[in-house]
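Hey, can you work out the whole structure from these sequences and the hints?
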Amino acid sequence: MVYINEISKHAGQQVTLKGWVYNIRTSKKLVFIIARDGTGLCQSIVSQEDVSEEVWEKALSLQQESAIEITGNVHADERSIGGHELHVTGLSIVSQAEEYPITPKEHGIEFLMEHRHLWLRSRKQWAAMRVRNTITYAIHRFFQERGFIQMDAPIFTGNAAEGTTNLFETDYFDRKAYLTQSGQLYGEAMAMAHGKIYTFGPTFRAEKSKTRRHLTEFWMIEPEMAYYDLDMNMDLAEQMVEFLVREVVRINREELEILERDVSKLEQVKAPFPRISYTDAVARLNAPAMQDRLDGMEKERKVEAEALKKELTSLDAEFGQAKKGRKFQIDRRRGDINARLDQIEEDLRNIPVWKKSAMDKKWGEDFGGSDETLLTMDDPTPVMVYGYPAEVKAFYMKRDPENEEVALGVDMIAPEGYGEIIGGGQREDNLDNLLQRIKEHNLPEEQFRWYLDLRRYGTVPHSGFGLGLERTVAWLCGLKHVRETIPFPRMMGRLYP
RNA sequence: UCCUCCGUAGCUCAAUGGCAGAGCAUUCGGCUGUUAACCGAAGGGUUACUGGUUCGAAUCCAGUCGGGGGAGCCA
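When we follow our numbering, the leftmost residue of the first sequence carries the number 1190, and every step to the right adds one.
Hint data in this document are derived by calculation from the structure and do not stem from the laboratory.
It is possible that some hints are incorrect.
DSBU-like, lysine-lysine: derived pairs with alpha carbons at most 30 Å apart [to be verified]: (1) 1498 to 1399; (2) 1628 to 1582; (3) 1294 to 1218; (4) 1544 to 1669.
Take a look at the structure:
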């Protein structure tokens, strides 16, 4: 058996492929089978003259996604999808498929999500999962090569720890348990045992968020390092993200092409990334230049919408007398235009809100999604914002020794509107300060006894961060929505399949 | 929780108060290598649901359910 991604090594030889029918076309004396085997696609040609009656009949009977074994000779041919094709001599049907719901035509998102288990076989989904795999593997390599130990934080936790966010509650032998929203606190304990550790696991948030950046179940990578301060933490985050981007660009050229990703944007992602303090970020948002920027954006959107509407009118006029093939093109273009017009409409509704949010932003308030996007507009790389007001950040964040109002936290915001991909910072290592914070936040001290122990027995400065895997995959793939970055996304209102 | 858009054939959509349609998919026929092939024919409908307005509702109104996008919150 030969895999399709190795078929070029077998030019001129007879090979057997085992896979599925991706698409099939028939002519009088020819059947074209696009076969897939998980490693790629390969066109196989069955010519009535070259095969037995039995093989010919089998080829004609094939349905989309039927499982097949094909034997044939490998020929280099530019007309074919991977540059090589198979001239079939033998064919056996492993299992004939029923009528396959996902045709090579267009489908809406609701239908595709309902058939996610089959959608995974489609080309773009296939490409996105391979990029995810590259990122996962690269994360392990990055940390392992630097002496980090991978350790697992528990998924059940007994406390509604950081208070604010909504956790999934579950019954744990007649007691309440919650699904973890972060492994960080446990990461701190593990870092005190091993120096540098990272966790790689699922995270659960019961937020009722229906946006392209949210899942209720997602994967987070959380390194935690003893004797690291905020600057060392930012250096590490920057090096890691640069490495991930470089690996994807190096390994997944073909996948990025299938995803129609603009690779030149990724090639510009080089360290150092801009680092801006929260205070400077607020000033930048308040500046008149930001208002002008947004006014400009509003005008651009309006001009674009006008142009698209004109194009729609002319397409409508053309549609009546268009030939079938052209009609198909027109339909697709109309779909694209309408989707873009919806997006523009949404933007035009939002721009005044963004303007107000930026202009009115006062020191002490947290940033919204739009503020973050505005801060990254000028840069091809992610931007790190550090030094947030302590009030808006979690109880465990260390305060800036020079300004008690400032927490030593950092967020990394991806370019192109992909939002926050990293949140982290230096942790409070002083027992008395931590006790004080726990009181201020009205948290149950008893639940944090073990966490406080870490400050009693050899406490040291330490830092860490959490990287959102799905948001990173979405950014590198250029996908609009995180639901396409995980095999089976869990969202508000989606638990099937 | 709030704002906003949507729900018509298996799928993607059209019909904007007057006979419910097209392309794809399916079945059948044709076609000299196709690239989402093409050409011809056939079958396929409780227009999400409930109620209202009207001579007449897919279309207008109210409610319910489901979905998309966004705010808040966040990775």
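So, going through the hints one by one against the coordinates:
As the CA atoms of residue 1498 and residue 1399 are separated by approximately 29 Å, the hinted pair is consistent with the 30 Å bound. For the given pair, residue 1628 sits about 15 Å from residue 1582 by alpha-carbon distance, which is consistent with the 30 Å threshold. At most 30 Å may separate the alpha-carbon atoms for a hinted pair to count; residue 1294 and residue 1218 meet this at roughly 26 Å. Taking the CA atoms of residue 1544 and residue 1669, the gap is about 23 Å. The hint holds against a cut of 30 Å.
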